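Engineer: What follows is the residue order along each chain.
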Amino acid sequence: MERIMKYAISHITQYRYKQTASLSHNELFLIPRQTPVQHCMDHTLTLSPTPSAMSQRKDYFGNSVTATTVQVPHTLFEISAKSRVDLIPNPAPVPEETVPWEQVIAAVRRHATPEDLDAFQYVFPSPMIPVSDDLARWVKDLFPPGAPLLAAALGVTERIFTRFTYDPGATTTTTPVATVFDLKRGVCQDFAHIAIACLRSLGLPARYVSGYLHTQPPPGKDRLKGAEASHAWFAVYLPGTGWVDLDPTNNVIPFDQHLTLAWGRDYSDVTPVKGTVLGGGRHQLSVAVDVIRLRNPH
Amino acid sequence: MTQDPVFSGAVFSDSAASSAWCSGILTQEKQLSPYWQGLVNYLNSLGSPELERRWQKARRMMHEHGAAYNVFDETEGTGRPWELDPIPFPVSPETWAMLEQGVAQRTRLLTAIFDDIYGPQTLIRNGHLPPELLFANPRYLRQCHGLYDKGTARLHFYATNLCQCADGAWQVISHGAQSPSGAGYALENRIILSRIFPRMFHAGKVLRLAPFFKHLTHCLMAISGTGKREPAIVMLSSGPVSPAYFEQVFLSRYLGVTLVESSDLTVRGDAVFLKTLGGLHPVDVILRRIDDISCDPLVFSSPSATGIAGLVQAVRAGGVAVSNPLGSTVLETPGFMPFLPGICRVLLEEDLILPNISTRWCGRPQDLAFVLDSLEKSMSGNDALPLIITSAFGTERDPGVDIRQASRQKKEQLAAKLKSAPHDYVAMDAGSGCTLPVWDNGALKQRHAAYRLFSIAGYGIDSENDVSVMPGALTRVSDNGAVFLMDSGDAQGGSKDTWCFSHEPVTFESMMHHFTDSLEIHRDSDLPSRVADNMLWLGRYVERTEGALRVLRSILNRLNSETRLDIIQEFPFLLRIMANLEIVASSFSGTEAAYNIKTIETELMAAMFSTQRPGSIRNLMQHVKRVAASVRDRLSNDSWHVLGRMENELARVSFQKKNQISDAQELVSEMILTISAFAGLALESMTRGMGWRFMDMGRRLERADYTITLLQSLFFFRDNTVLSGKRSQSHDLEALLEVADSTITYHTRYRTILQKEPIVDLLLLDELNPRSAGFQMARLSEHVEALPGNTPRPFRTKEEKITLDLTTQLRLTDISHLMAANQAGELPRLYQLLKRLKKGTQALGDQITQRYLSRIETEQQMRISFDTDGFVLDEGAQEWKES
Chain A
6 MERIMKYAIS HITQYRYKQT ASLSHNELFL IPRQTPVQHC MDHTLTLSPT
56 PSAMSQRKDY FGNSVTATTV QVPHTLFEIS AKSRVDLIPN PAPVPEETVP
106 WEQVIAAVRR HATPEDLDAF QYVFPSPMIP VSDDLARWVK DLFPPGAPLL
156 AAALGVTERI FTRFTYDPGA TTTTTPVATV FDLKRGVCQD FAHIAIACLR
206 SLGLPARYVS GYLHTQPPPG KDRLKGAEAS HAWFAVYLPG TGWVDLDPTN
256 NVIPFDQHLT LAWGRDYSDV TPVKGTVLGG GRHQLSVAVD VIRLRNPH
Chain B
184 MTQDPVFSGA VFSDSAASSA WCSGILTQEK QLSPYWQGLV NYLNSLGSPE
234 LERRWQKARR MMHEHGAAYN VFDETEGTGR PWELDPIPFP VSPETWAMLE
284 QGVAQRTRLL TAIFDDIYGP QTLIRNGHLP PELLFANPRY LRQCHGLYDK
334 GTARLHFYAT NLCQCADGAW QVISHGAQSP SGAGYALENR IILSRIFPRM
384 FHAGKVLRLA PFFKHLTHCL MAISGTGKRE PAIVMLSSGP VSPAYFEQVF
434 LSRYLGVTLV ESSDLTVRGD AVFLKTLGGL HPVDVILRRI DDISCDPLVF
484 SSPSATGIAG LVQAVRAGGV AVSNPLGSTV LETPGFMPFL PGICRVLLEE
534 DLILPNISTR WCGRPQDLAF VLDSLEKSMS GNDALPLIIT SAFGTERDPG
584 VDIRQASRQK KEQLAAKLKS APHDYVAMDA GSGCTLPVWD NGALKQRHAA
634 YRLFSIAGYG IDSENDVSVM PGALTRVSDN GAVFLMDSGD AQGGSKDTWC
684 FSHEPVTFES MMHHFTDSLE IHRDSDLPSR VADNMLWLGR YVERTEGALR
734 VLRSILNRLN SETRLDIIQE FPFLLRIMAN LEIVASSFSG TEAAYNIKTI
784 ETELMAAMFS TQRPGSIRNL MQHVKRVAAS VRDRLSNDSW HVLGRMENEL
834 ARVSFQKKNQ ISDAQELVSE MILTISAFAG LALESMTRGM GWRFMDMGRR
884 LERADYTITL LQSLFFFRDN TVLSGKRSQS HDLEALLEVA DSTITYHTRY
934 RTILQKEPIV DLLLLDELNP RSAGFQMARL SEHVEALPGN TPRPFRTKEE
984 KITLDLTTQL RLTDISHLMA ANQAGELPRL YQLLKRLKKG TQALGDQITQ
1034 RYLSRIETEQ QMRISFDTDG FVLDEGAQEW KES
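If you're matching them up, the sequences are chains A and B in order. Numbers in our numbering are just positions in the first sequence, counted from 1, shifted up by 5. Numbers in our numbering are just positions in the second sequence, counted from 1, shifted up by 183.
By construction, these hints were calculated from the structure, which means they are not laboratory data. Please note that the accuracy of each hint is not assured.
As the list claims (entries may be wrong) - Taking lysine-lysine pairs in the DSS-like style, the calculated list, with each CA pair at most 27 Å apart, reads: (1) Lys1022/B x Lys981/B; (2) Lys458/B x Lys981/B; (3) Lys411/B x Lys388/B; (4) Lys984/B x Lys1021/B; (5) Lys23/A x Lys602/B; (6) Lys87/A x Lys189/A; (7) Lys458/B x Lys145/A; (8) Lys145/A x Lys600/B; (9) Lys63/A x Lys87/A.
As the structure is a prediction and not an experimental result, all values here were calculated from the model.
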């Protein structure tokens, strides 16, 4: 029997401005998308001050994107996204039994099916992710001829997990992949970018996934409210099967704790909150994310 | 026998007619076509000297029009002039018909491709276009996918670049689709040539360009979708830094649309507004001359972070029409070329009329093999094919490489790149192109040529024909034919007018006519805040330059006289003025050094020519030039011409060593005349609208400050030490009148008796003297009252209060009371009044900027803080990251 996991997500972003801001345009990727294993049952997006214009559409990759304009003077800008998501976890294929990696390259190059054609676009460099021989060399030993793709990709995930240090102070949202690679430090977004860059450098399709992670509190302690943050990982493509997620920050194949917001070629395609502001001076930003697992109504 | 062609009568010698002509131009019978023959006969009848004379006249006209490619070059400070060849390129009616058909078909084809790749993508699904050419293409902007799904009105303005082979066949080299430049230059070329060869032009049944631009205007009106009789259309430019700024200024005037920059526009709700002195004005249509990715910093995350935040959303919501449509840049992809014949059959069910230049996309194995093989052969010493290998996406980081000229190392690098990412490259066959005769310093030379044809895809207001092609072209010429393939060719300056002949008589049609009989009359023109700011500064810099020149002239006149320096009693006074105006170092005046002629010379030369000194004449001129360039579209051609003359004057003498003082004296006198002419022309040829007001306000503010400084220099030291009134001798007073340009006025009133009271009255209080502080205050009061928002109401604005206060003070001042000396012989009342006037003038300048021009400042603030693709990230960047 299918096991349905129910989650409630709250993602609150606040900007406090030193001076009055008069006009702000934003693009938000904050509504969880539908996936084969995930259904967004309900969502609300509340902005304060009230926006003068707000519209929703699907972007090129099928994500829900919200465009808003706030044009009343304000010193505090709050974006509150709340959603309820049903997750029906689906076990990943057995890594050793997946297709050889060369066949994946051949399939997307041939792009005989619409799915293969769609996957083909994730082979090429994207605005934030270059390809390079250095990156290919770094993982080449994980891809001997005939190696099953998912097993090899797990190898990449593990290599990043063991050789990179999680360090929120080391990078910013715009640190180039090459710099992260030299530093061997960064956060989830950087690790996902590195993994994608390695795979694409070999000619494989790989995409960036933006979402949330549900964490368990340490035994005997309460879950800290707002302790979670938005998360990011990557996915590889198996022709005939579809996309399989991999999380290099935690060295796991996501199963029942990863909730997907949006996917694209890299962070720049699916930045959860981006915007411009007129005036405002310097600002302080705070983000609070809560992912709560709801009890199943048996 | 060789003869200097300038002195032999004929332009085309007989021998040239038979052998020097490129075979592509000749008919099958190896004869010149009647259109070329007509041109040759006409030019020969003029003769070389006459042609040279008219050509020089054309060059002067171009200079006067300010025609330049890159008007404002940061490094040089000057633009490279746009070069026009006097010999037009004649196109027979038959050739023109073929070209028109071919370009019109390409226009329909590219429009259909745009619709497909930003819509259903059947071309890549069905294998007519390799998906790599979209997926790996940085020009394919996914943010624009579905942007025009709702059938929002749009317009395409295309350029098709062609060349002619040595055998006469025409080939398409590339397309310009996002904001192609050149149509304005073609128009400018036509205006010049039709003036220097009026007879030839009118007798020749040459098709006119005006109807094309009329159609463009109608289409722009139609896409506004508002049904307004006069939709608000703006042309969006990147400003004077744009290499094609001259053209943008020229075209915007010709089309009668407002030229704006990104910072002039703002998105509110889902609509776009123009920021003006009077507030926000809605904009219906944006004819953009900037790249896709520079249009919206929110969506495209461009490195420059310029653009109009929210523009893409406004387009999506139908709040504004942008032409060319956002995302058009993808149509310029060189890699598309080999697939166009197939796509044309699929989408239009027609065969491609105009063939492409032979282009191989290395993403196809057989093409890759061919190109690698050619590279290999060229490295092993065989004759290289004339291949040019370039980015399949036309990205700038991969400029074209001509394998005939590349080094071995370069070729090896290229081969490696081709193997690792073959889909990133195309190879074009440069072949040998047809050449055209060009008039070069009194002789004919053969040059390679490329042709840029312009077309429009869009329905006019009366659903006129959907595609039209400009009957003419921008013909560019160059020594090296390959350059047209290596880059867009924009950097090449040489051009020709292109005459498309008709069998039918051509009717005269002017754009101006269309506008005058259909538009309502506008009187009160509002002004973008940015333009007002530049106008204010233009006025200030011009006046500041003039003031500095006047003082310099007085000093130089004295240095050049026979008298010894220590005998010229007013010399310290003049130096004090210079110091107070910050033209020379303040430490300089009143020292012994001031009497050393060598030291003075060095100091004065630095005051004129130094690039290091903020207040030098050269730097002031640079400011005038920069500000004038940014409001180029608001200045008359004459005033622009005068500005160019002044620059030439400065350049002429700046490097000469001998006779410095006498040269400088002459130069300064000429420059005073020139800058007065500039100020006069700029102000006189301008309507008495807001632009004029702001320029005049700048001028008045600066002149008030100048006159006050002169008076302070006469009576007081800079460090506020009160100087004895007794020390002002008659020679100082005479010099004061001279630099204040009030000598004649004084002497007609008071004859030769020089006294300080009447002089102070004349320069401070007399509102009839255009040089007096009182006159400036009175004018400023008038201006301030006429500013938007200052209509009669119970409370006076701050700037009104300041001008009222200053004007009233001056009017209430009694001259004998003002000039009453205390026991120490000082003039405390005058001292206080001048101090107060000086402060008031500064406060007024600040207040005007704050009230009317601060909108631009805020915008700049945003740009600085918007340095990434996220939210305004400064200190928040660290915290706001995914973990």
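Engineer: For the pair supplied as a hint, Lys23/A and Lys602/B, confirm whether the alpha-carbon distance does not exceed 27 Å.
Structural biologist: Distance ~54 Å between Lys23/A and Lys602/B Cα, so the pair is violated.
Engineer: Are the Cα atoms of Lys145/A and Lys600/B separated by 27 Å or less?
Structural biologist: OK: Lys145/A and Lys600/B at ~20 Å, within 27 Å.
Engineer: Does Lys981/B lie within 27 Å of Lys1022/B when you go C-alpha to C-alpha?
Structural biologist: Holds. Lys1022/B to Lys981/B sits at ~15 Å (cutoff 27 Å).
Engineer: Hint check: Lys63/A vs Lys87/A, CA-CA at most 27 Å. Holds or violated?
Structural biologist: Distance ~19 Å between Lys63/A and Lys87/A Cα, so the pair holds.
Engineer: Has the given pair, Lys411/B with Lys388/B, been kept, meaning a C-alpha gap of at most 27 Å?
Structural biologist: Cα-Cα ~37 Å, so violated.
Engineer: Quick one, are Lys458/B and Lys981/B close enough, alpha carbons at most 27 Å?
Structural biologist: 22 Å, holds
Engineer: Quickly compare the C-alpha distance for Lys458/B and Lys145/A to 27 Å and report which way the hint goes.
Structural biologist: 56 Å, violated
Engineer: Please verify whether Lys984/B and Lys1021/B have alpha carbons no more than 27 Å apart.
Structural biologist: 16 Å, holds
Engineer: Below or equal to 27 Å on CA atoms is what counts here, so check Lys87/A against Lys189/A.
Structural biologist: 34 Å, violated
The earlier numbered hints that this structure contradicts are 3, 5, 6 and 7.
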